[in-house]
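Chemist: Here's the letter readout for the chains.
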Amino acid sequence: AQKVTQAQTEISVVEKEDVTLDCVYETRDTTYYLFWYKQPPSGELVFLIRRNSFDEQNEISGRYSWNFQKSTSSFNFTITASQVVDSAVYFCALSEVNNYGQNFVFGPGTRLSVLP
Amino acid sequence: GAGVSQSPSNKVTEKGKDVELRCDPISGHTALYWYRQSLGQGLEFLIYFQGNSAPDKSGLPSDRFSAERTGGSVSTLTIQRTQQEDSAVYLCASSLSTGMNTEAFFGQGTRLTVV
Numbered sequence: 015a016q017k018v019t020q021a022q023t024e025i026s027v028v029e030k031e032d033v034t035l036d037c038v039y040e041t042r043d044t045t046y047y048l049f050w051y052k053q054p055p056s057g058e059l060v061f062l063i064r065r066n067s068f069d070e071q072n073e074i075s076g077r078y079s080w081n082f083q084k085s086t087s088s089f090n091f092t093i094t095a096s097q098v099v100d101s102a103v104y105f106c107a108l109s110e111v112n113n114y115g116q117n118f119v120f121g122p123g124t125r126l127s128v129l130p
Numbered sequence: 030g031a032g033v034s035q036s037p038s039n040k041v042t043e044k045g046k047d048v049e050l051r052c053d054p055i056s057g058h059t060a061l062y063w064y065r066q067s068l069g070q071g072l073e074f075l076i077y078f079q080g081n082s083a084p085d086k087s088g089l090p091s092d093r094f095s096a097e098r099t100g101g102s103v104s105t106l107t108i109q110r111t112q113q114e115d116s117a118v119y120l121c122a123s124s125l126s127t128g129m130n131t132e133a134f135f136g137q138g139t140r141l142t143v144v
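Protein sequences appear in the order of chains S and B.
Under the working numbering, read the first sequence as residues 15 to 130, first letter to last.
Under the working numbering, read the second sequence as residues 30 to 144, first letter to last.
Because the hints were derived from the structure by calculation, they are not lab data.
Under 10 Å between C-beta atoms, here's a sample of chain S residues computed to sit facing chain B:
#1 Y47
#2 L59
#3 F61
#4 R64
#5 N66
#6 F105
#7 A107
#8 S109
#9 N112
#10 N113
#11 G115
#12 V119
#13 F120
#14 R125
The structure presented is a predicted model; accordingly, all values stated were derived computationally and were not measured.
We put the beta carbon where it would ideally sit given N, CA and C, even for glycine.
Start from the sequences and build out the full structure, keeping to the hints where you can.
Modeler: Spelled out as structure tokens, the structure:
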């Protein structure tokens, strides 16, 4: 069965610190996609990134970077020089295909608080 | 519209009453998902529609929950005889296709409170 684990329930950092959010997944599929979403206090989930299982290159987008390692089934997310606006709940997700089509399996989320 | 639209944004209902939650997906998106998020919790999958195909209902928590999607577009999630444990934010999402490489776009949710 597909599963996504985010072991860190809550993290607090002081502004300008770097922070890494962990994500570990389980799947028997050889082709799959991984996602990160941000849920700010307003409540709406915002898509951040999508990676496929064949591309292990790390990706950087501004202060955000992602480290995908198939050998450890991890897809970790690092925020560099964190800001108060980064405070949110972050969800890691894995796409799966069943008889009905694509579905998403979400991790439990990590609540990040960035203190001024 | 530009994004996924859900209505109402907030709903307070008395225990035992039925409620209907509406989701209007992004135009052209063939896949539509309903999730439930209890306070401080993660996302619980409820049901998934792909076009006009039979939906994946495997996440519906009880037979009090049902959903339909008319014309492959707007969806309604119905909860009959609501219970206090149904209180949660109900999130709808849509995606462009069934390919695994398509991300889902979420609405702002309907906050349901059963009193």
